[in-house]
Amino acid sequence: MVPLEFYLGLGAALFALGLFGALARPNAVRILMGIELMLNAANINLLAFNRYLHPRDLAGQVLAVFVITVAAAEVAVGLAIIFLLARRRHGIDVDRIRLLRG
Amino acid sequence: MNWEMVAFAFLGVLILASGFRVITTPRIVHAALYLALCFTGVAGIFLLLGADFLAATQVLIYVGAVTTLIIFAIMLSSPPEVRGEPARGSGPGGGEPARGAGPARGDEVLGGGPRPEGVQAERGWVGVLAALAALGFVAAMGVVYRGAGLPAQAASLGRTTAPLGRQIFTTYAIPFEVASVVLLAALVGAIYLSVRVPPRPSGTTPVSGPSHAGAGGEMPGEREGGANRGTP
Amino acid sequence: MSIVSSLNALVGSLPGFWSPLVSALIKVLLVLAFVFGNEIMLIWLERKVCGRFQRRKGPMYVGRPEGWLQSIPDVVKLLAKEDIIPARADRWLFVLAPMVIMVPAVALFVVIPFGRGWVPRDLNIGILYLVALGSFTILSLFMAGWGSGNKWSTLGAMRAVAMLLGYEVPLALSLVGVAMVAGSLSLVDIVHAQERAWFVLLQPIGFLVFLVAAAAELNRTPFDLAEAEQELVAGYQVEYSGMRWAMFFVAEYASLMAISAIAATCFFGGWLGPFASGPWWFLAKLYFFIFLFMWVRWTFPRIRIDHMMELGWKFLLPVALLNIVLTGIGLAIWG
Numbered sequence: 000m001v002p003l004e005f006y007l008g009l010g011a012a013l014f015a016l017g018l019f020g021a022l023a024r025p026n027a028v029r030i031l032m033g034i035e036l037m038l039n040a041a042n043i044n045l046l047a048f049n050r051y052l053h054p055r056d057l058a059g060q061v062l063a064v065f066v067i068t069v070a071a072a073e074v075a076v077g078l079a080i081i082f083l084l085a086r087r088r089h090g091i092d093v094d095r096i097r098l099l100r101g
Numbered sequence: 000m001n002w003e004m005v006a007f008a009f010l011g012v013l014i015l016a017s018g019f020r021v022i023t024t025p026r027i028v029h030a031a032l033y034l035a036l037c038f039t040g041v042a043g044i045f046l047l048l049g050a051d052f053l054a055a056t057q058v059l060i061y062v063g064a065v066t067t068l069i070i071f072a073i074m075l076s077s078p079p080e081v082r083g084e085p086a087r088g089s090g091p092g093g094g095e096p097a098r099g100a101g102p103a104r105g106d107e108v109l110g111g112g113p114r115p116e117g118v119q120a121e122r123g124w125v126g127v128l129a130a131l132a133a134l135g136f137v138a139a140m141g142v143v144y145r146g147a148g149l150p151a152q153a154a155s156l157g158r159t160t161a162p163l164g165r166q167i168f169t170t171y172a173i174p175f176e177v178a179s180v181v182l183l184a185a186l187v188g189a190i191y192l193s194v195r196v197p198p199r200p201s202g203t204t205p206v207s208g209p210s211h212a213g214a215g216g217e218m219p220g221e222r223e224g225g226a227n228r229g230t231p
Numbered sequence: 000m001s002i003v004s005s006l007n008a009l010v011g012s013l014p015g016f017w018s019p020l021v022s023a024l025i026k027v028l029l030v031l032a033f034v035f036g037n038e039i040m041l042i043w044l045e046r047k048v049c050g051r052f053q054r055r056k057g058p059m060y061v062g063r064p065e066g067w068l069q070s071i072p073d074v075v076k077l078l079a080k081e082d083i084i085p086a087r088a089d090r091w092l093f094v095l096a097p098m099v100i101m102v103p104a105v106a107l108f109v110v111i112p113f114g115r116g117w118v119p120r121d122l123n124i125g126i127l128y129l130v131a132l133g134s135f136t137i138l139s140l141f142m143a144g145w146g147s148g149n150k151w152s153t154l155g156a157m158r159a160v161a162m163l164l165g166y167e168v169p170l171a172l173s174l175v176g177v178a179m180v181a182g183s184l185s186l187v188d189i190v191h192a193q194e195r196a197w198f199v200l201l202q203p204i205g206f207l208v209f210l211v212a213a214a215a216e217l218n219r220t221p222f223d224l225a226e227a228e229q230e231l232v233a234g235y236q237v238e239y240s241g242m243r244w245a246m247f248f249v250a251e252y253a254s255l256m257a258i259s260a261i262a263a264t265c266f267f268g269g270w271l272g273p274f275a276s277g278p279w280w281f282l283a284k285l286y287f288f289i290f291l292f293m294w295v296r297w298t299f300p301r302i303r304i305d306h307m308m309e310l311g312w313k314f315l316l317p318v319a320l321l322n323i324v325l326t327g328i329g330l331a332i333w334g
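Residue numbers (numbering that gives the first Met the number 0), protein chains in the order written: chain A, 0 to 101; chain B, 0 to 231; chain C, 0 to 334.
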């Protein structure tokens with residue numbers, strides 16, 4: 000059988016990829032993609048722990064469902080914001096968006 | 000050597016490779032499609048972990064809806080990049096001078112030629128830091144897991160849909176209702192942000208949120224029951 | 000069934016590592032044989048039905064008297080065509096799109112029960128699996144439209160994606176009603192739950208919603224604006240020729256068969272019949288639904304895209320939700 004550490008390692012690696020993607024690219028859509036990768040990695044971890052430590056209790060799966068739900072909601076709003084920024088000709092390079100500057 | 004190990008190895012490579020390509024591919028449409036591949040791989044991992052309902056939900060929501068949302072947003076927000084030209088408004092210059100643009104992964108376009116994303120010279124050192132942070136995180140997690148003495152055997156889960164449903168409606172009913180409200184808020188917010196109010200006949204324009212200028216159609220709102228106006 | 004038992008014995012005799020693989024392979028081959036065998040027949044059937052509804056006779060010459068060998072020259076022609084990849088196409092996407100669209104078309108058959116015990120794999124999440132596979136169709140349409148490097152293809156693909164997304168929700172909700180009455184998502188359980196009454200009688204609204212949403216999911220008239228010949232040439236398929244186009248074509252008909260099979264299983268009792276239940280009843284119902292979809296295709300005109308969006312979101316979705324509410328009330332009253 001696959002040891003638990005392998006799943007957790009996969010989750011950690013995917014999270015690291017998402018983290019790098021979210022930090023290293025200035026394109027707002029890419030940042031969102033990195034965030035999605037991180038959320039997926041968190042789900043992998045949740046389900047792996049659920050399966051290996053407390054298989055009878057489905058708390059990990061329930062929480063994973065909520066994570067998926069919230070991720071979908073956040074992507075929708077984030078992309079609407081990006082779309083609005085693009086429409087107003089600000090471009091979607093986060094380094095250049097200064098609208099909230101005091 | 001059993002099928003679980005083979006499947007895990009295959010899926011693990013698929014997930015990490017496509018995740019890596021999401022970040023490093025210069026063409027953003029490809030990045031969205033690699034992301035879909037990554038999501039499918041994660042759904043496979045969910046199946047290996049016995050969560051069949053979650054695997055189907057993952058495919059349905061992430062591959063079906065989130066990927067499509069991202070693709071629509073790409074189409075509507077960065078047409079020059081989509082056509083393969085350098086992005087407007089991004090490119091070297093403006094900001095701190097490059098501190099010797101480091102060999103950060105992801106900023107080098109693989110194999111020369113036109114640079115659709117524009118080289119972010121001032122981002123070079125941020126990329127290096129991010130890569131170090133990521134690697135450090137993986138190393139730290141590795142240390143933590145090794146020392147934790149975790150069980151290796153997994154018990155069988157059986158059917159998960161019915162128990163999951165029962166749990167959601169009894170023990171976790173309140174988070175469930177809160178999640179519904181979150182979805183509703185996202186739905187309304189996305190629609191409000193992207194609806195286009197036509198200019199008033201007197202020539203004054205509305206002050207708040209909805210954009211009144213610019214071309215472009217409407218953005219698909221949140222998938223779960225959102226109003227989806229077709230793109231022209 | 001001596002063939003089945005001898006196959007089982009053969010598979011059981013293999014070492015533990017290989018037996019699940021071999022049994023899966025055998026099931027896959029059987030499903031593929033069924034799908035492609037029917038494909039050949041369906042190409043001919045569509046042209047015949049089309050002809051008859053248009054008051055002409057359809058293919059008549061190859062294989063007299065009804066032209067039933069017409070599929071053979073069709074296939075030969077497609078194989079012989081030059082394989083063209085447009086210069087501005089994105090090679091990877093262009094080549095992968097037809098392969099990706101075949102995946103859901105065939106994979107949908109994995110959970111469908113052809114007869115008692117004749118299901119390749121009875122998944123606990125049967126209905127959810129079916130709906131989830133639609134996502135891959137959406138992805139593949141986009142890949143085809145975008146990968147063609149042609150603005151009409153992209154436009155057609157975005158219209159098709161918007162439509163598929165919009166109708167996927169009512170499709171799923173109409174099947175939720177079925178799952179509520181049957182008490183399970185598994186298609187085998189659903190067939191068994193129809194032993195007293197077919198679900199078309201218990202879920203008439205759900206059935207109608209399913210039919211409309213399924214026609215949209217299949218890109219068939221009256222919802223075929225993704226391939227609207229009069230407007231977009233062939234929409235996302237315009238740059239595809241020869242065998243690549245044939246893959247789209249085959250996938251469309253395989254999806255048609257799959258959706259008809261789902262309709263037969265979830266609403267018309269699957270392989271159950273008033274006497275001598277078995278796979279023949281399933282096949283009869285399957286072909287009935289295929290004929291029904293063809294009938295609708297050659298009878299109704301195409302719907303406009305904004306009307307189609309309104310129909311999906313403002314009519315079908317509330318009706319499907321209403322169906323769920325009524326089903327819930329009905330279950331509470333009559334158990």
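Simulated from the structure, these hints should not be mistaken for laboratory data. From the three backbone atoms N, C-alpha and C, an ideal C-beta is built for every residue, glycine too. Check the hints yourself; a few may be wrong.
[What the hints assert, rightly or not] Partial chain C-side listing against chain B, Cβ under 10 Å, derived:
(1) L92
(2) N123
(3) L138
(4) M142
(5) T153
(6) M157
(7) S183
(8) L207
[Unchecked claim] Sample of chain B residues at the chain C side, in silico, Cβ under 8 Å:
(9) W2
(10) E3
(11) V28
(12) A35
(13) L47
(14) F52
(15) A55
(16) V177
(17) V181
(18) R195
Consistency of the hints with the structure:
no.: 1; hint: L92; verdict: holds, 7 Å
no.: 2; hint: N123; verdict: holds, 5 Å
no.: 3; hint: L138; verdict: holds, 6 Å
no.: 4; hint: M142; verdict: holds, 7 Å
no.: 5; hint: T153; verdict: holds, 8 Å
no.: 6; hint: M157; verdict: holds, 5 Å
no.: 7; hint: S183; verdict: holds, 8 Å
no.: 8; hint: L207; verdict: violated, 20 Å
no.: 9; hint: W2; verdict: holds, 7 Å
no.: 10; hint: E3; verdict: violated, 11 Å
no.: 11; hint: V28; verdict: holds, 6 Å
no.: 12; hint: A35; verdict: holds, 6 Å
no.: 13; hint: L47; verdict: violated, 14 Å
no.: 14; hint: F52; verdict: holds, 6 Å
no.: 15; hint: A55; verdict: holds, 4 Å
no.: 16; hint: V177; verdict: violated, 21 Å
no.: 17; hint: V181; verdict: violated, 18 Å
no.: 18; hint: R195; verdict: violated, 15 Å
The structure fails to meet hints 8, 10, 13, 16, 17, 18 from the earlier list, while all remaining hints are met.
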